[in-house]
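Colleague: Here are the chains, one letter per residue:
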Amino acid sequence: MKKVVLGLLVVFLLASVALAADDMYPEYKGEPVTLTMWAWTSNEDYSIREFEKVYPNIKVQWENFGVHYEKAQTAIAAGEGLPDVLMIEYTYAPEFMDLGAFVPINKWLPREKFVALFGEPALNWCALDDNIYGTPQDSGAISLFYRKDIFDKHGFAAPQTWAEFAEQARKLRQADPNLNYATVPLGWALWWAGLVWEAGGKLFDYKDGKWYIDFTNPVAEKVFSFWGELIDEGTIKIEQWWSPDWYNSLNVGKTAAVIIGCWFAEWLRYNAPESEGLWRVAIPPQWDPANPHNGMIGGSGFYVTAHSKNPEAAAIFVMWLNSHPESLKCLHKYSNLPVMVSTRYEEVLDEVAGPDQFFGGQNIVETLWEAHKLVDTSYVALPILTNVDQALGLLLQDYVDGKIKKFADILPMWEEAVVKAIKELGYDNVVVGELP
Amino acid sequence: MIRKRRSRLALRAYLFLAPFLALFSFIVIYPIVLGVRLSLYGQRGARMWYVGFLNYRNIFTDARFWEAFKIPLFLLLVQVPLMIFLAILIAFVYERVPRKEAAIYRFIHYLPYTIPAIVAGIVWSYIFSDSMSPFRPLLDALGMMGVRILNREHVPLVLLVIILWEFTGYTAFVVFSSLLAIPREYAEQAQIDGATFWQTAFFIKLPLIRGVIVMLFIFNIIGALQVFNEPWMLQTLVVLPPNYTPAMYIYNSAFAYGRFTYAIAMGLVLASITFLISLYVLRTASRQLLVQR
Numbered sequence: 522m523k524k525v526v527l528g529l530l531v532v533f534l535l536a537s538v539a540l541a542a543d544d545m546y547p548e549y550k551g552e553p554v555t556l557t558m559w560a561w562t563s564n565e566d567y568s569i570r571e572f573e574k575v576y577p578n579i580k581v582q583w584e585n586f587g588v589h590y591e592k593a594q595t596a597i598a599a600g601e602g603l604p605d606v607l608m609i610e611y612t613y614a615p616e617f618m619d620l621g622a623f624v625p626i627n628k629w630l631p632r633e634k635f636v637a638l639f640g641e642p643a644l645n646w647c648a649l650d651d652n653i654y655g656t657p658q659d660s661g662a663i664s665l666f667y668r669k670d671i672f673d674k675h676g677f678a679a680p681q682t683w684a685e686f687a688e689q690a691r692k693l694r695q696a697d698p699n700l701n702y703a704t705v706p707l708g709w710a711l712w713w714a715g716l717v718w719e720a721g722g723k724l725f726d727y728k729d730g731k732w733y734i735d736f737t738n739p740v741a742e743k744v745f746s747f748w749g750e751l752i753d754e755g756t757i758k759i760e761q762w763w764s765p766d767w768y769n770s771l772n773v774g775k776t777a778a779v780i781i782g783c784w785f786a787e788w789l790r791y792n793a794p795e796s797e798g799l800w801r802v803a804i805p806p807q808w809d810p811a812n813p814h815n816g817m818i819g820g821s822g823f824y825v826t827a828h829s830k831n832p833e834a835a836a837i838f839v840m841w842l843n844s845h846p847e848s849l850k851c852l853h854k855y856s857n858l859p860v861m862v863s864t865r866y867e868e869v870l871d872e873v874a875g876p877d878q879f880f881g882g883q884n885i886v887e888t889l890w891e892a893h894k895l896v897d898t899s900y901v902a903l904p905i906l907t908n909v910d911q912a913l914g915l916l917l918q919d920y921v922d923g924k925i926k927k928f929a930d931i932l933p934m935w936e937e938a939v940v941k942a943i944k945e946l947g948y949d950n951v952v953v954g955e956l957p
Numbered sequence: 003m004i005r006k007r008r009s010r011l012a013l014r015a016y017l018f019l020a021p022f023l024a025l026f027s028f029i030v031i032y033p034i035v036l037g038v039r040l041s042l043y044g045q046r047g048a049r050m051w052y053v054g055f056l057n058y059r060n061i062f063t064d065a066r067f068w069e070a071f072k073i074p075l076f077l078l079l080v081q082v083p084l085m086i087f088l089a090i091l092i093a094f095v096y097e098r099v100p101r102k103e104a105a106i107y108r109f110i111h112y113l114p115y116t117i118p119a120i121v122a123g124i125v126w127s128y129i130f131s132d133s134m135s136p137f138r139p140l141l142d143a144l145g146m147m148g149v150r151i152l153n154r155e156h157v158p159l160v161l162l163v164i165i166l167w168e169f170t171g172y173t174a175f176v177v178f179s180s181l182l183a184i185p186r187e188y189a190e191q192a193q194i195d196g197a198t199f200w201q202t203a204f205f206i207k208l209p210l211i212r213g214v215i216v217m218l219f220i221f222n223i224i225g226a227l228q229v230f231n232e233p234w235m236l237q238t239l240v241v242l243p244p245n246y247t248p249a250m251y252i253y254n255s256a257f258a259y260g261r262f263t264y265a266i267a268m269g270l271v272l273a274s275i276t277f278l279i280s281l282y283v284l285r286t287a288s289r290q291l292l293v294q295r
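Residue numbers (the numbering used here), protein chains in the order written: chain W, 522 to 957; chain A, 3 to 295.
No lab work stands behind these hints, which were simulated from the structure alone.
Glycine included, each C-beta is placed from N, C-alpha and C at the ideal position.
It cannot be assumed that every hint is accurate.
Said to hold, decoys possible - Which stretches of chain W does chain A cover? Using the computed rule of at least three CB atoms under 8 Å from a CB of chain A, they are: (1) 549-562; (2) 757-767; (3) 810-823; (4) 908-914.
Claimed, not checked - Listed below are the simulated EDC-like cross-link pairs for lysine to aspartate or glutamate, each with C-alpha atoms no more than 20 Å apart in a straight line: (5) W:K850 with W:E633; (6) W:K944 with A:D64; (7) W:K775 with A:D142.
Unchecked claim - Now the in silico label distances, taken between C-beta atoms and shown as ranges: (8) A:Y112 with W:N950: 54 to 64 Å; (9) W:Y791 with A:I31: 26 to 36 Å; (10) W:P933 with A:L113: 46 to 56 Å.
So that you can see chain W by itself, here it is in the shape it has in the complex:
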């Protein structure tokens, strides 16, 4: 009897989920409203148009100021001037949550519905203390972008393990000292935290009202000493990414591979047009190929701000924008975004997948999706990520300038600087040396 009831319940639940697919988005009964949104991605307007068809009473005015964190900081301090919807990278979101920039939208998007639409890990990027503030848009799942022509010339296949990665890097350095196998960024905390995440670890987290910091855990140490060895011996160089040199090296083929978030596919297409057809994508090298795992570098969410006069309409919008198949298709097609965080992405996967000219005909959507599915853990970033980022940048510059001799020494120094910064900023709920 019990089993039958349970079985019926399961059937009923499944049926209701299937039926409810479109009922998941609440009706908007309020007054006609125009929302404002800041986002630096391209072509969000196609999705907005689809949204306005379904919700004729909500209009969305999208503005693109590039990365708008400084503008947002000013508006937060002024107590007015934020748009209704603000795009923020997941790693910077806790900083804004902590400043009181966002408003909870649980009333329209309760936890169960959020998990059903975006999965459990995304809660760490869009919520704090059970308050949900927004929805996730694109994935930052780490991928390996590599130049097939260079790899072929030297007889390399995409490395499956980090050991293989190191071996290829050393071989290439010997074969052609002017070529970089890969470089690491001078700073950019997201990147380094992402690689620790890929190895199954983390540097910090948040739980039950406390911030946890532990940079010197075994996983992080393993990752830093792996890179440290390659960097100390000169196989891998530290480079200022997003600089004229870096753009140039990618465009003319002086760098054979880049490890970065999967949104980079879009970036490469527009910024290294001369290398069309030469790039390929693979899932990143693994520490334990039997238990593959991945982390993210970047990726952004859309959050409803505390200055919004109509959080209900804004909540419905961010929910629809980042999960409805119509919107996902548009974001994919026109913005080239890997909008894979939503669980409904699978519904559009077949439609958006296919050979990609820029990547020599490779079906990169499939590979990126595979990379994204390996991201099954997550954590909350510290609310002082700006300081975390600056501290790392200074230490890496010290290393480059020869003031720090051993690369792996940077990790404990970085932790020290971060702990100092968070205490200076007046946080008294900090636990150092352990992670939840």
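Mind docking chain A on chain W? Use the hints.
Modeller: Leaving out everything else, chain A in the frame of chain W:
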């Protein structure tokens, strides 16, 4: 009767002044008053609370703020005197070469000043970039393959080069214009007495334009203390501390850390320091002028 007329005159004068006074108080006085008031508040996000002089007390113990003065001090002691000396030399050369050629040189030297600092910064960041620098082939030929062009220790020198490039021509132009105002008879008289061109220049003309030189010193001291654009643009090549210069620290405190009221307090302290240094220079310079006369 007269009094009445006077007051009417005064009224009329104020009426004429009114547009200026209104704009001046709105654009200059009001922000200063507001800034002073805000600097007395603590702030986190949109929350603000009165803290009295706590921000100022924190500034005096904030080592990062005072460390930031290393670069302005370097510019003050090296760049400002060097540039003004070069500008004076160049201005005398303008006088010496035939008029038409001088106009061409003045034009070329003035050009950098017309280029926005941000645009110039982008161009300079290419010039000092590792792979695309025009110096690269030269360095490679000298066997310095793969040697980094720019690391953090070089930044002050690079700043020196950029700032000299930006402002020397302009400064020379200012010096040259004031030289034009000197009656020609003075130089003629000196030359009749047997002085050479450079003797006339340094012992007759230069003392006559002392006021302009003092003014240039003060303007450049202010510029050095507030230096921001040039180091900011170099950050695409090299990681600089957020407190590399006082202005950068103020900017980062406000826009990267969201500590606006603290940034305002630092801004006011920086302004006071600038004011005091300028005043000191002006005082010593004018005292010397008096002694000489």
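Colleague: All hints are to be evaluated individually against the structure, with a verdict given for each.
Modeller: Going through the hints against the structure:
1. 549-562: violated (count 0)
2. 757-767: holds (count 5)
3. 810-823: violated (count 0)
4. 908-914: Check passed, 3 qualifying residues.
5. W:K850 with W:E633: 24 Å, violated
6. W:K944 with A:D64: Status holds; Cα separation ~15 Å.
7. W:K775 with A:D142: 17 Å, holds
8. A:Y112 with W:N950: 54 to 64 Å: 58 Å, holds
9. W:Y791 with A:I31: 26 to 36 Å: Roughly 48 Å apart at Cβ, these two residues miss the hinted range, so it is violated.
10. W:P933 with A:L113: 46 to 56 Å: For P933 of chain W and L113 of chain A the Cβ distance comes to about 50 Å; the hint holds.
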